[in-house]
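Now that you have both chains on their own, put them together as the hints suggest.
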Amino acid sequence: MSTETLVPYDEALARYEPVLGIETHIELGTKTKMFCGCATEFGAEPNTQVCPVCLGMPGALPVTNRSAIEGIIKIGLALNCSIVEWCRFARKNYFYPDMPKNFQISQYDEPLCVDGYLDVEVDGETYRVEIERVHMEEDTGKSLHVGGATGRIHGADFSLVDYNRAGIPLVEIVTKPIVATGDKAPLVARAYATELRELVRAVGVSDVRMEQGSMRCDVNVSLMPKGASEWGTRTETKNVNSLRSVERAVRFEIERQAGVLDAGGKVIQETRHFQEGTGTTTSGRSKEEAQDYRYFPEPDLVPMAPSREWVEQLRASLPELPAARRRRVQGEWGVADKELQDIVNAGALDLIEETVRAGAEPAAARKWWMNELSRRATEQGAELASLPVTPADVARVSALVAEGSINDKLARQVFDGVLAGEGTPDEVVEKRGLKVVSDEGQLGSVIDEVIAANPDIADKVRGGKVAAAGALVGAVMKATRGQADAGRARELIIEKLTS
Amino acid sequence: MSADIIKKSAAELAGLISSGEASAVEVTQAHLDRIAAVEDSVKAFTHVDPETALAQARTVDERRAAGEALGPLAGVPIAHKDVFTTIDMPTTASSKILEGWRPPYDATVTRRLREAGLVILGKTNMDEFAMGSSTENSAFGPTHNPWDLNKIPGGSSGGSSAAVAAYEAPLATGTDTGGSIRQPAAVTGLVGMKPTYGGSSRYGLIAFASSLDTPGPLARTVLDAALLHEAFSGHDPMDSTSIDQPVPPVVEAARRAEVGGLRVGVVKEFGGEGYQPGVLARFHEAVEVLESLGAKVVEVSCPHFTYALPAYYLIAPSECSSNLARFDGMRYGLRVGDDETRSAEEVMALTRAEGFGPEVKRRIMLGTYALSSGYYDAYYGKAQQVRTLIARDFDAAFEQVDVLISPTTPTTAFAIGERADDPMAMYLADLCTIPSNLAGNAAISVPCGLADEDSLPVGLQIMAPVLADDRVYRVGAAVERALQDRWGGPLLAKAPEL
Ligand SMILES: [Zn+2]
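Chains as they are written, first to last, in my numbering: chain A, 527 to 1025; chain B, 11 to 508.
If you are wondering where the hints come from, they were derived from the structure by calculation, not from laboratory data.
Just so it is clear, CB atoms sit at the ideal spot from N, CA and C, and this is done for glycine as well.
Some clues are possibly wrong.
From chain A, some residues computed to sit far from chain B (all C-beta separations above 10 Å) [said to hold, decoys possible]:
| no. | residue |
| --- | --- |
| 1 | 534 |
| 2 | 628 |
| 3 | 818 |
Okay, derived cross-link-like pairs now, SDA-like style, lysine to any residue, Cα gap no bigger than 25 Å in a straight line [claimed, not checked]:
| no. | chain 1 | residue 1 | chain 2 | residue 2 |
| --- | --- | --- | --- | --- |
| 4 | A | 618 | B | 249 |
| 5 | A | 618 | B | 398 |
| 6 | B | 18 | B | 59 |
So here's chain B without its partners, still in its complex pose (with noise of 0.2 Å):
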């Protein structure tokens, strides 16, 4: 049984336990005993807590039982990326500086899973506040690619696509500031969404940028990641820049899953030198799908989305060096040097230089020369610019076209270690997914094949207009059908045992 549990999608255990075929406390409990058996060799979790999980499960029980109506994801495990706060597990952001703190209350998004029944199984391991694309910069250690281990998962919300591509969690949440769920999706073979800025609450979300930062989820199948995004999305009068509007139909959306007399445009800027010719040749293949689905494709310049990168590495780390100074020793977390000889700003200095990791560092002393009197108009003043030129762009493209698709990420997963000594490579992976971003528009990633040269999974990024995330749902759902036809079945059955 347990075998054949973990490889069932979220809807499809939901409608077991639901219909008192299998006990939520069973699922979990497989699901146990899957990361027991691998995660020694993924490396995903920072912190997995098997008694609370099973507890969790058996209220869930305990509930339906009782004959109570429980939502559509009761009793369904989930794996819950560590930048969220969590009141009883630890929660770190991947960080020495955090390691062992426990938050005095949960993130909006872990109540709303508590609320969905959903069982949360354990804290992922991610790039250090968000920041990386690999999950290499995590002070715990790397997370491992399930179809390679040899190979980077994405990142930085890593330590969730891999926990769902391991088949340890059929669900997971990430977050995305520059692709950081996409990204991972992409390379692990998944789904994974990047709502609408606002969509979902920040709330307890510890800040990386925080103009940027959007919660979403990571699943193996487009309904998975629907049924995940509408259980913890929609306005939170915690956070002021929440959107208060309904979530979009995200779950009919997927079912429909159609994209007859759509009209898609192929963004120009996103294609040529740079890309792995496996990538470029699952993205042809996939505008073909599209096209033969009764989908009109065009191409469309968003001439601006090439100043994307380096508009967002100025915006991402100014906003940074002010939300992580907070991390200074005084009130929580790590704290070095206190040996009553020292001043309190010797303190501060001495616990930050210990607690940050070199990537974080290099982020705040980027973003700190950013805001710097003198600088502010050349550098942060600028990206702000570049970043409404970018948001025209895409109004403009939303006018010839209903949703815009790219690449996700240039090249398929690459080796751990390849690109940790150079940051402007590691930078480019997220050289597509940034423009959504600094828009603030719906986004998804959804598997398109594997790549000739490495066998390596590719994605296809479908982008829509701020709100219309139900577009991307429909449309990737679409691509997804098409493509498993063609496959026999879903991609990551094609992924080695581990």
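Isolated chain A (complex conformation) (with noise of 0.2 Å):
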């Protein structure tokens, strides 16, 4: 492989204009498969969910799976796109192990969903990236290449062939080529990702966890010099696994080329691959030996015609969508722009939202989910959403707190209680004798034990600096383990040195 010389990226801006284009597939969470019954648990032990359909065996032939239908047309109407009248499968040819039939059932020139678009936000700007189409198709199976230096078929010293994958349904997403994104390209491109991701996940069609591959982005980039109206040459990045490495892969493919084009060289057309360790791109197949997939109508099914009833109806079951939910949270929260951006990017949006149904005060969920629960999923490594506390369980806190019966340092503690399985909050308080200490007899008496052992500071009270009886505060809460009354204690103080 050739060393490259990348230009850097404020450079590479400053002269070249990038185009994009994001291809994303998208695994259907349908109980069963594409064109057969069999499930398409994730996980599962290789080779279980497999029948002679999805085998390809000799003989078998495809069944088209109604749920899978219903769902790519909801993320059709999702992107704003048009439902066709009427559209056929189409079979792409070409040889793979890991597909049975050695021709994989997808759509070609007859799409089903066609010409929408999706508003994306980067540093309060919208893009409007356009869709091109939104196609159905069949995944393949899954290879594993043991042996070698590459991790793929060639050089290998066996493969072996995991076909429980073969036959889920899949979504195709193509965008029109994305322009006037200037240095911003990278940043769109994630924007684009992420948005993507919650609003199918909003459809409820998906899972969309990049990291167990239902979701996968190809991203196309191409530079052109600027004020130049011809496109440059494009390569196909795969394998691009993760929202950041879709911003990652566009920043790298834009600082190579430029060093391409610098040295008088020309772009080469082809499928490149990102390498998630590097941050880096690699080549792949080129156009020489480009593929001609043979396209021509699946004969074995039969063509789709959505009946146009089925997609008001489709249309009319749709959730509301992330953006005009967005719009509506903000409202009745009342949060600025680069808050909201960091809820959602925490996955703290339904979590938050749950938690003022269940009855808090929206700054107080906010304050729990985004600063103490959130800190600790990241100590733990986990997804805020994977912790086992309850939107419920933050609202009992709250609650509690707002009443007065515990205070934040306690709440704490009660967080530590529930995350540990000790119960529900008001177990955990009760187990663990969680309780303000505000009874004035009880207060009083650990406040003069205070006061006796810190004489200088209760003098300079008496002497008019009320502001130093914060330390004093800090003694009786120490001394109460964090249950007294911090408001309360400070006013006694104040009452027992100036009166």
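The structure is reproduced here in structure tokens:
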């Protein structure tokens, strides 16, 4: 592999204008496969969710899964696409061991959904990403190449194939060329992938988990000199398996292609592979070896002709979509763009909304999820949603704080208990004996001890330096292991020393 | 008894079994004996399984003894084309690439034969992957025509036609992609029916050309064909192209056998040059017979039928090039060159090079080319347009007449080896049958006598609109009755003893 000269990002963008295109594959979460009745559960023992149809046995025939078609139409509608009145499946022919029939049932020049768009926001600016098409296809099996240096089939000692994935319904979403994004190109690409993931998750037809491969992005990048009208040659980078990688892949390709062009070279139209470890892309199949897929209409299936009534029923069944929801929530909670973005990125929107629905004040719900619980999730390397604490728990803790029976410090201890499986917030309060000490008799004697133990500070307060009382409050809190009502303690201290 | 049994029709056998005059085991044994006696010279089967067949027959006898109501063909033996998957027998499509393969599932047609109580004697030889008109393209050697062992039995369902014509079975299944049931039936003096496309299930039928392949029956009488047709046809949710409609009343039509007042169209484009004089003579006789029975015969032009053959030889190979891609040695069947040094790609290529015969390779290459980018519109695309025009020719014709007729095939059975090196001559055998595959309508071939020059059988093709399958049975049965009166018995009685 030739060593590449990269041009620093800002320099590259000073001279070149990037054009992007993103193809996203999303596995639908249907119970059964696209064309047979096999289960689709992730992580099952290899080759246990297979039958003559998805193994491509001689004589076996496909039958379309209606709920998959329902899923893709919902995605198409959510992306503002038109749903065509008539279209067909096509066969995409190529030989590869993980393709049971050596052709993939896909769609070619007659996609089911066309001409949509998705608006994304980057740094307060809205970019409209136009959607060329959304089509339906079946997934391939999964190859594991053992031995060899590249991890690919060439040079491997042997290969294993798991056909559990073969035939899982796959939706491909193809953007039109994304232009005029300038130096925001990598961020726009990432924002698009993020927004698409949120959208599909909201529609509820896929778990869209990039780390499990249920959402995969291929990123096309080309550069043209600033002011030019003709687009440059594009590369297609595959294997981009996280939102961060989408951004990095675009950024790297801009730097690399600028280097090639600056040296007077030509960008080769090719498939490239993203390397997670280094954040670089490496050359794959070039155009010279490009496949002729010999597409033709799939003769084993009848055309799809979704009735307008059905399409309208599906449109009516769509839930509130992320953009509309964000606008609503922003109004209800009164949060700034930046904070809302953080909430979305942390995957906390659902959790906070449910917590508010369970009775908490929006500010309190945000505070607990975004500070205390986010920190703990980060410490454990877990998703916020996977912590063993429910929105109802958080709402109850907020209520206990609001009524004054615990304070923030005690609330953290309550979360300790809930996360450790000690029970509900009330049970943890009970078991751990967590209660704010506001009883004046009990608190008064602790204060007397603290004043006696800190005569210098007490003198300062007596002398009018009321701010110094903070140190005494701290000592009281320490002595009561945080259970004192700090506000009440402060009042009592000042009362005792100044009256 | 044995000699009597094998000459009986399926309907007669079913009657004997149902009345208790013969047991299913007896009937099955008689046919197994016949197979043992003549199979060496006919070579109709790729696999015969006497044990399984007798066990199936015994089950039918037991169920009858227990007083169960059984179907109209229960206990009748059948020869099953080796293109349908069978869980208890190898399924090869007569290809080396599938030699010894045991499918994990039954085809829908297979399952329905079993449910109807038919006794499957074995699997019949065919042109490899149903590509051919002579059964010479079988990896397991040619099948011989019982009328003259030096002649071909037609193809691709030549094992099925030979088995029935040689009295090895009263019934057989076939598949018809361009004439693969009708042409073998014609050249062996049998009845062969291509149902409406989608009328019989393709699930478990090893695909040659998906948009054309149609399972259908072969038999010695029109009524037998109708009984078998009814037994395995009808909607199948496992086949998306299967028609969700009741099976047309074919048995009733075969019994009705009358054509009074019916309008019959002779296809103008089929006849004349390239047709054997004896074939045309018998065809014209059949026309006179129809007129004498009260049918009104007119000539009808279907101008695009002349383009059917070239269109077919683009569409069928295109689909086959994709359908046969799965045979790569990775999951089942033959695997060549796997010596731990070669790549998967090399093993796939070596397997296909050795596993497929020359005609299959020719069609895969033809189809691969026709679908290539840059050629698609000129070849596959154009052929699809022709297909539409042919369907319109049929529509226009069926506005004027109730059925269309033509010779089934331009010549009688040719000699084994005669056309082996001349694919074009071989392809012409399907000239008259292909239009109905492209349009998907119903068509049958019934015997209409022997050609004077070679004393070999000639077939009359009767075509009807989509889902009017009953109509071709009605006309076929009327012709059969009138001609048998003339001949003094079935045509097959004139065949030489084997
Ligand atoms: Zn399956």
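Against the structure, the hints:
{"no.": "1", "hint": "534", "in the structure": "holds (40 Å)"}
{"no.": "2", "hint": "628", "in the structure": "violated (4 Å)"}
{"no.": "3", "hint": "818", "in the structure": "violated (5 Å)"}
{"no.": "4", "hint": "A:618 <-> B:249", "in the structure": "holds (21 Å)"}
{"no.": "5", "hint": "A:618 <-> B:398", "in the structure": "holds (24 Å)"}
{"no.": "6", "hint": "B:18 <-> B:59", "in the structure": "holds (22 Å)"}
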